[in-house]
Each structure stands twice: as structure tokens, then as C-alpha cells.
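Chain by chain, the residues:
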Amino acid sequence: MDVNQYLEIFIEESKEHVQSLNESLLELEKNPEDLDVINEIFRVAHTLKGMAATMGFNKMSTLTHDMENVLQSLRNKEFVVNSEIIDLLFDCLDALESYVNIIAETGSEGNKDYSNLIKLLGEVNNKMRIQTENHVETSSEGGQAEVVSEPVLNLNQYDKNAVNKAHEMGLNVYQITVVLDSACVLKSARAFIIFRVLEKYGDIIKSVPKVEDIEDEKFDYNFTVVVVSKEDKQLFINEINAVSEVRDIIIKEIAFIPQNVKAEENVDSSSSMQKINTDTESESDTANTASEEHSAANRKTRTGKTVRVDIDRLDVLLNLVSELIIQKTRLEGLAVGEKSQDFTETIEYLERITTNLHDAVMKVRMVPIETVFNRFPRMIRDITKELGKEVNLIMSGEETELDRTVIDEIGEPLIHLLRNSIDHGIESVEERRKMGKPEVGQIFLRAYQDGSDVVIEVDDDGQGINIEKVKKKIVEKGLVSKEIVSSLSKKDVIDYLFRPSFSTADKITDISGRGVGLDVVKTKIESLGGVVDVETERGKGSKFIIRLPLTLAIIQALLVVVGEEKYAIQLSSINQIIKISPDEIKKVQNQEVILLRNNVIPIIRLDEVLEVPKEKKAEKKLTVVIVKKGDKLSGLLVDGIIGQQEIVQKPLGKLLSGIKIITSATILGDGNVALILDVNSIV
Amino acid sequence: MAAEKNMDDRQFLVFRIDNQEYGVDIQKVTTIIEKDMSIARVPKTPDFIKGVINLRGEIIPVMSIRKRFNFPEVEDTEETRIVVLKTDEIIIGIIVDAVAEVVRLSDDAIENITTLSNDVVMDYISGVGKINDRIVTIINIEKLIDITQA
Chain B
1 MDVNQYLEIF
11 IEESKEHVQS
21 LNESLLELEK
31 NPEDLDVINE
41 IFRVAHTLKG
51 MAATMGFNKM
61 STLTHDMENV
71 LQSLRNKEFV
81 VNSEIIDLLF
91 DCLDALESYV
101 NIIAETGSEG
111 NKDYSNLIKL
121 LGEVNNKMRI
131 QTENHVETSS
141 EGGQAEVVSE
151 PVLNLNQYDK
161 NAVNKAHEMG
171 LNVYQITVVL
181 DSACVLKSAR
191 AFIIFRVLEK
201 YGDIIKSVPK
211 VEDIEDEKFD
221 YNFTVVVVSK
231 EDKQLFINEI
241 NAVSEVRDII
251 IKEIAFIPQN
261 VKAEENVDSS
271 SSMQKINTDT
281 ESESDTANTA
291 SEEHSAANRK
301 TRTGKTVRVD
311 IDRLDVLLNL
321 VSELIIQKTR
331 LEGLAVGEKS
341 QDFTETIEYL
351 ERITTNLHDA
361 VMKVRMVPIE
371 TVFNRFPRMI
381 RDITKELGKE
391 VNLIMSGEET
401 ELDRTVIDEI
411 GEPLIHLLRN
421 SIDHGIESVE
431 ERRKMGKPEV
441 GQIFLRAYQD
451 GSDVVIEVDD
461 DGQGINIEKV
471 KKKIVEKGLV
481 SKEIVSSLSK
491 KDVIDYLFRP
501 SFSTADKITD
511 ISGRGVGLDV
521 VKTKIESLGG
531 VVDVETERGK
541 GSKFIIRLPL
551 TLAIIQALLV
561 VVGEEKYAIQ
571 LSSINQIIKI
581 SPDEIKKVQN
591 QEVILLRNNV
601 IPIIRLDEVL
611 EVPKEKKAEK
621 KLTVVIVKKG
631 DKLSGLLVDG
641 IIGQQEIVQK
651 PLGKLLSGIK
661 IITSATILGD
671 GNVALILDVN
681 SIV
Chain H
684 MAAEKNMDDR
694 QFLVFRIDNQ
704 EYGVDIQKVT
714 TIIEKDMSIA
724 RVPKTPDFIK
734 GVINLRGEII
744 PVMSIRKRFN
754 FPEVEDTEET
764 RIVVLKTDEI
774 IIGIIVDAVA
784 EVVRLSDDAI
794 ENITTLSNDV
804 VMDYISGVGK
814 INDRIVTIIN
824 IEKLIDITQA
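Protein sequences appear in the order of chains B and H. Heads up: the first sequence at position 284 corresponds to 284 in our numbering, and the numbers run straight through without jumps. Heads up: the second sequence at position 82 corresponds to 765 in our numbering, and the numbers run straight through without jumps.
Wrong hints could be hidden among the right ones.
Claimed, not checked - Here are the simulated DSSO-like pairs of lysine-lysine, each with C-alpha atoms no more than 27 Å apart in a straight line: (1) B:K566 x H:K711; (2) B:K566 x H:K727; (3) B:K654 x H:K750; (4) B:K654 x H:K826; (5) H:K718 x B:K566; (6) H:K711 x B:K654; (7) H:K727 x B:K524; (8) B:K654 x H:K813; (9) H:K826 x B:K632; (10) H:K727 x B:K628; (11) H:K826 x B:K566; (12) B:K614 x H:K826; (13) B:K328 x H:K718; (14) B:K660 x H:K813.
It should be emphasised that the hints constitute simulated quantities derived from the structure, not laboratory data.
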């Protein structure tokens with residue numbers, strides 16, 4: 001076996017641990033006295049250290065080790081938590097994170113050693129190192145030694161000989177029983193890591209269950225090994241404790257076994273036992289139970305019965321479901337006009353199953369948006385500190401689920417929007433005081449599901465968008481003349497903010513103001529099939545609203561005919577379908593419009609937009625598909641309607657990716673291809 | 684078998700347009716299909732992109748070599764084929780009059796030509812291969828499918 005196969009687990013878990021450290025540290029910053037939080041941080045840092053050491057990432061483990069020293073002193077109340085220490089610890093977390101990232105990319109931890117951080121940690125620690133050494137010693141002996149039912153190990157003659165031989169050579173023989181946490185997902189991987197640790201210091205001469213069985217996960221949560229080593233017992237306890245998800249270690253010495261005496265008895269009488277809790281070195285019993293409860297609660301939210309699956313495999317699965325749906329649609333087409341009731345019933349049943357199957361597969365790909373949100377509190381803290389503003393981030397709806405592909409992409413635009421809110425939106429403390437607002441600004445980050453969409457809002461109580469300032473900028477940039485700008489609606493003006501290289505910030509900061517923010521946000525969201533909207537009120541704040549489709553691959557669409565060609569329009573963007581006579585189309589400033597319940601609606605002739613080759617013929621009735629883009633309605637003139645269908649979106653490929661008015665294509669029941677229109681870029 | 688041959692040899696798929704023979708690197712050819720499915724026209728594309736087809740569930744664009752080379756277009760025949768090519772990132776089908784055979788050419792049998800003529804075709808050619816007295820024009824696929832270079 002090769003340690004590299006656990007690299008992925010290591011990276012995933014390290015990321016989780018760093019994230020939870022971040023959260024705990026933020027918590028600590030708010031409640032510096034909270035011993036539970038310090039304990040939690042200590043516990044996680046300790047686990048991280050052990051993991052890094054096992055994987056051979058020495059720089060990472062050195063850094064965590066030094067962090068641990070500082071935390072240890074904090075725990076002993078030798079030093080009070082202050083912002084200097086918090087900042088230092090945050091810097092260490094960043095360093096750890098960059099280690100993990102480098103490991104994820106290259107497989108090794110690189111050569112950056114952050115010696116400055118280690119030095120600072122050392123300095124902090126020296127200031128307060130008074131009784132640390134003493135303390136570690138007393139606690140590691142741990143008043144918590146307790147006797148548990150002792151595992152019985154039957155040694156056969158061969159084993160006995162080996163034990164005796166070891167003794168003759170002056171080596172120690174230990175019987176070690178390791179109990180893994182019941183939340184442990186990859187038991188055999190853990191066991192392997194422990195085996196590796198043991199083999200570093202000695203030889204394993206027996207294992208119960210057998211090594212093969214452990215590899216196949218054919219064991220409960222414990223296993224027992226006999227190790228021959230010259231090392232001390234305490235070393236094994238420490239090393240195994242450093243591996244995460246180990247609940248208990250029971251270790252005892254096996255003495256020389258005289259040939260005629262029964263092994264078990266001997267083992268019993270000569271053994272000394274010790275049980276150490278995973279939460280080592282706890283200060284007091286109360287603190288210990290508290291931190292245990294804490295960690296138990298944490299575990300619960302994190303695990304559950306899960307399988308890690310490569311996203312590619314899910315893509316394959318989804319593709320197969322897509323194929324199935326295409327064939328189902330085809331069968332439905334064949335069933336039209338079919339008299340046999342059995343046949344139609346079967347088709348209906350098939351329809352239900354494929355729909356359920358699709359839902360199930362989509363659900364598998366869903367990830368709670370929490371995975372994106374939970375890094376924001378830390379980010380907000382850093383930005384506000386840098387800008388000298390005070391902001392309270394309130395998040396809700398973290399459990400809202402989105403497709404994995406969307407989750408991977410949504411982080412960056414959200415970061416842009418949050419930075420924007422802090423930099424442009426929230427005023428400085430003095431300004432807020434002057435305006436009679438609470439000094440601490442508030443940013444709400446909300447996620448919720450709305451029909452087949454997921455909505456994410458970034459809502460601040462800052463100064464709002466200065467429409468007049470934007471207008472001035474529009475004129476300055478020569479985008480629109482002064483006369484026209486005054487007639488622009490608020491919404492039109494805001495739209496300019498989403499144009500490339502348009503920034504209204506008076507001074508350029510690191511955070512925003514380079515004018516590469518909002519247009520990037522818009523492009524990204526649109527590439528995910530979503531839209532961005534803004535609501536803003538001067539002096540009261542702005543709200544950016546992102547609307548994303550729940551699923552990307554399979555959509556409900558309306559199939560229309562233009563000339564001889566078939567096109568699909570996403571159903572969610574359709575308002576209604578109407579029939580009109582040709583003379584209802586009026587011309588206003590060269591733009592064809594119709595009146596629909598006293599609303600003027602521009603008409604777009606799809607055959608012209610799509611350059612469809614066809615002869616013009618006079619129709620008595622025209623079919624208009626009314627589509628909506630935000631609040632705006634437009635009418636698409638088509639030659640006919642085929643009907644509503646569930647279609648599978650297929651990418652057009654890189655070569656044709658530049659065509660704006662087409663988002664993708666789909667395969668119809670007859671095997672032909674229909675293009676899916678991008679309503680947003682047509683209207 | 685192949686290993687016994689000269690390692691410098693490369694294999695080319697030879698296809699015909701009019702009576703001219705062209706070759707593409709066989710490594711880039713994924714499949715050859717009959718042109719019996721309908722092609723969905725895609726708006727806002729150069730005229731040599733005929734549209735997209737459904738190739739076993741995958742959407743791939745199709746290019747007319749004749750249009751690309753400024754040759755007059757002809758009716759499809761029994762022999763018309765779509766040769767599906769794949770480069771690093773792009774899959775594309777090219778419509779050819781007929782597919783002839785696979786030939787093996789050593790590097791010295793391919794002549795680099797850069798200054799033969801000013802023909803449109805020249806832009807998409809990487810060399811000319813000679814087999815006895817036949818001449819096979821070797822196509823540079825990367826240039827052929829670079830549609831920004833229309």
C-alpha cells in the first residue's frame with residue numbers, strides 16, 4: 001500500500017479542519033474568554049498536526065506544533081487572548097491553507113517555511129511560558145486512566161516464540177488495541193495510517209483481525225496488534241493519538257511466555273493498562289466533557305453516511321439519464337395515436353420513472369451552498385479590518401442546495417459582490433454615526449429556493465448606489481450624451497454598472513474600484529444560466545439579487561418552428577403565447593411593437609435574428625411568444641408552435657461557443673438537433 | 684505488424700474532393716460516417732460551417748471542405764462522407780466527396796510547400812505527400828478548424 005492513496009482524504013480533511021479552525025477563531029475573537037472554543041481549536045490543530053506528520057509533511061506539522069504551544073498556554077490562562085494573537089493565528093491558518101493548496105496541486109508541501117510566523121509564535125510563547133512543561137507532563141499522565149474490558153488475544157506457538165525471541169533481544173512487546181471513532185468513514189485507511197505509524201517504530205508480528213481483513217474493512221471499529229519495539233509505551237500512545245478519528249487506545253506489555261504456561265493468564269497478570277481519550281491532555285473534567293460534546297456535535301453535522309464519488313462519474317450517470325429521457329420522449333411520440341391501452345399505460349409509467357430517476361440523479365449532484373458561504377465570515381473580517389469599517393455579516397439559508405457545477409463557480413461572483421458592499425456600500429463609522437445609522441453596518445447574505453430557481457441576495461444597509469454619480473460617469477466616459485442620460489431610468493443607469501471597465505469608486509483600493517467587478521459577476525452568472533438584479537435606495541442600502549436555475553442539464557422548453565427549422569425556448573422565460581393579426585403590429589421609431597393590455601411590447605422577428613432562409617408569405621394570424629427578461633417583456637414572432645417538452649441541454653462545443661443567441665442544443669425525439677435560444681441576449 | 688514498419692512512417696486518411704486527393708493525420712480521425720442525418724443550421728457562423736449534427740448523443744459541428752476551400756458545392760452522392768476529426772479541445776466533422784484509403788508516408792515522402800501558389804487552399808496545407816505518381820495534399824487540421832481565420 002502506498003501513502004499517496006490517502007493524499008486525497010488528507011487534503012479534504014485538512015481543508016475541513018482549516019475551515020473549522022477559521023470558524024472557531026472568529027468565535028474566539030468575539031468571546032476571548034470562552035474556554036470551550038480554545039479547547040476546540042486546540043483539538044483540531046492537534047489532529048491536523050498528527051495528520052500532517054503521518055503524511056510526512058513536516059513543515060506543516062512544525063507550524064501546527066508551534067501553534068499548539070501558543071494555544072496550550074492560552075488554555076492554561078497563562079496569557080490573555082488579544083487581537084495580536086488572533087491575527088497571528090489567522091496568519092498561521094492562511095499559511096496552513098496555502099500548504100494544503102500546494103499539496104493538492106503538487107503532492108508535496110513545497111519549500112515555503114513561514115519561518116517568520118514560527119518565530120513570532122515562539123516569541124509569543126516565550127513571553128508566557130512559565131509552567132507549560134510541568135503542565136504537559138501532569139496532563140499527559142491524565143487523571144482519566146480507566147480500566148476497560150480487555151481484549152483477549154490468543155497467541156499461537158509461533159507467536160509465542162516470536163514474543164520470547166524479542167524479549168531475548170531486549171525488545172519490548174506490546175499488545176495494542178485501537179478503537180476507531182464510530183463516525184469514521186474510511187476505517188481501513190485509518191487503520192493503514194496507524195499501521196504505518198507503528199511500523200515506523202517497530203515490527204508488527206500479529207494482527208487481529210488479519211491485515212487482509214482490515215484492508216477489506218472486515219472489522220468493527222477496533223483491531224488489535226502485537227508490536228515488537230525498542231521504544232517506550234508512551235510514544236505509541238502519543239503517536240496513535242495524533243491520528244484523527246481514534247477513540248481509544250489500550251496498550252499493554254506482553255512479558256516473556258514460559259512454554260508450559262497458558263498464554264492468556266500470563267498476559268493478564270503481567271500487563272499494565274492504560275486508556276487514553278482522544279481528547280488528550282484536558283485541563284479539567286468539566287472542560288473535557290464540554291469539548292467532547294462540542295466535537296460530537298461538530299461531527300454530526302459533518303458526516304452522516306456518505307460516499308465520496310468523483311464528479312466525473314456523476315456526469316456519466318447524468319448523461320445516461322439524459323439519453324434515457326431522449327428515448328422516452330421519442331417513445332411518447334410513437335405512442336400518439338396508439339390505441340392499445342397497455343402501451344400508453346406503460347409509457348406513462350416509464351415517464352414517471354424517468355422523471356423520478358432524473359430528480360434522484362440531480363439530487364445526488366446537489367451540494368448545500370454552505371460550502372461556499374462558510375468561508376465568507378473570515379473574508380469579511382479581513383476586509384473590514386483593512387478598510388477600518390465595521391460590518392456584521394448575517395447569513396441565512398446555508399442549507400439551500402445547488403448543482404455541484406454551479407457551486408464550484410458561484411463563489412467568485414459572491415466574493416465580488418460582498419467586497420463591493422463593504423467597499424462601496426457600507427459607510428465609514430463616522431459617516432454612519434452622522435447619519436444616525438447604527439455604527440456597525442449590516443450585510444445580509446441570503447439563499448433560498450424559489451420555484452425552480454435558487455435566489456441568492458447580498459443585501460447591505462449602506463449608502464445605496466448614487467444614481468447621479470453614475471450618470472455623470474456615463475457622460476464622462478462618453479457612453480451617452482448629457483441629454484439622453486437625464487432621460488434614462490434608474491434601472492437603465494444601473495445596467496451601466498455591469499458594463500466592462502465601469503467603476504465609480506473615487507479612489508482605487510485593493511478591494512474594488514478597478515472596474516473589473518460587476519461585469520465579471522454578470523458574465524459569470526449568465527454563463528450559469530442565471531440573472532443579476534439590483535434594488536437600491538439612496539441612503540438605505542442596495543440589494544444584489546442573483547437568480548440561478550436549480551438544474552442546468554435538463555429543462556422544460558417550448559419547441560417552436562421558424563421557417564423550416566426547430567428551436568427551443570426555455571419555458572421559465574416565457575410569459576405567454578398569443579395570436580395576433582399582422583395589422584396589430586405598429587411601428588414606433590422603426591421598432592415594431594404591439595399593444596398587450598396597454599403595454600407596449602417590442603416585437604422581434606426570429607427569422608431575421610436567426611437568419612432563417614425562407615420566403616415571406618402573408619399569414620392571416622401570427623404567433624407571438626411573449627418572453628420576459630427581468631421585468632421587461634418582448635414578443636418573439638415565430639411560424640408555429642410544436643409544444644412543451646422536457647429537453648436535455650447539450651453543449652455546442654468549443655468551436656461554436658462564441659454564438660451569443662444560442663445557449664446550447666438538444667436532441668429531439670427523432671434524433672434531429674434543435675438549438676436552444678438564449679432569450680436574454682436576443683431581446 | 685505496425686511495429687515492424689519504419690518508425691518515421693505516419694498514416695494518413697486519404698479523401699477526395701473532385702479528383703484531388705487530400706490526407707489527414709489518422710491519429711486525429713475518430714470516425715467516418717455516412718452523411719444521412721439532417722444537419723441543423725447554426726446562425727451567426729461562417730458559411731463553411733454547415734451546422735451541427737447528433738453523433739451518438741453528442742452535438743458536433745460540421746464543416747464543408749468545399750466551402751472552406753472556395754470550391755463550388757455539389758449534391759451529395761452515395762460516396763459523400765463526414766470525417767470526424769478531434770484535436771485537443773475541438774471535435775468537428777468535415778464533409779468530403781469520398782473517402783479513399785489509408786496510406787503510410789515516411790517523412791521524406793512529404794514535401795513541405797510554402798511557396799507553390801497563392802491559392803486559398805494553401806493556407807490549410809502542411810505539405811504534399813507522394814506515393815509513386817499520386818500526389819496527396821496533407822491538410823493542417825489545426826488551421827482548417829480555426830474558424831476565426833475565415
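Verification of the supplied hints:
Proposed proximity of B:K566 and H:K711 is contradicted: the alpha carbons are some 32 Å apart, above 27 Å. Proximity of B:K566 to H:K727 is assessed by CA-CA distance (about 16 Å); at most 27 Å being required, the pair is judged to hold. Restraint check: the Cα-Cα separation between B:K654 and H:K750 comes to about 21 Å, which is no more than 27 Å; the hinted pair holds. Under the criterion of a C-alpha separation no larger than 27 Å, the hint pairing B:K654 with H:K826 is consistent with the structure, at around 15 Å.
Under the criterion of a C-alpha separation no larger than 27 Å, the hint pairing H:K718 with B:K566 is consistent with the structure, at around 20 Å. At roughly 17 Å between alpha-carbon atoms, H:K711 and B:K654 fall within 27 Å of each other, so this suggested pair holds. Using a Cα cut-off of 27 Å, the hinted pair H:K727 and B:K524 holds, with the two alpha carbons roughly 23 Å apart. Taken as a hint, the B:K654 and H:K813 pair is broken in the structure, with Cα atoms around 35 Å apart against an allowance of 27 Å.
Simply put, H:K826 and B:K632 have alpha-carbon atoms about 43 Å apart, too far for the 27 Å limit, and the pair is violated. Taking the CA atoms of H:K727 and B:K628, the gap is near 23 Å; set against the 27 Å cutoff, the hint holds. In summary, the hint linking H:K826 to B:K566 is not supported, as the alpha carbons are separated by about 32 Å, beyond the 27 Å threshold. Distance restraint check for B:K614 and H:K826: the Cα-Cα separation of roughly 33 Å exceeds the 27 Å cut-off, and the hinted pair is therefore not satisfied.
Of the supplied pair hints, the one linking B:K328 and H:K718 holds, its CA atoms being roughly 26 Å apart against a limit of 27 Å. Taking the CA atoms of B:K660 and H:K813, the gap is about 44 Å. The hint is violated against a cut of 27 Å.
Hint violations for this structure: numbers 1, 8, 9, 11, 12, 14, all remaining hints satisfied.
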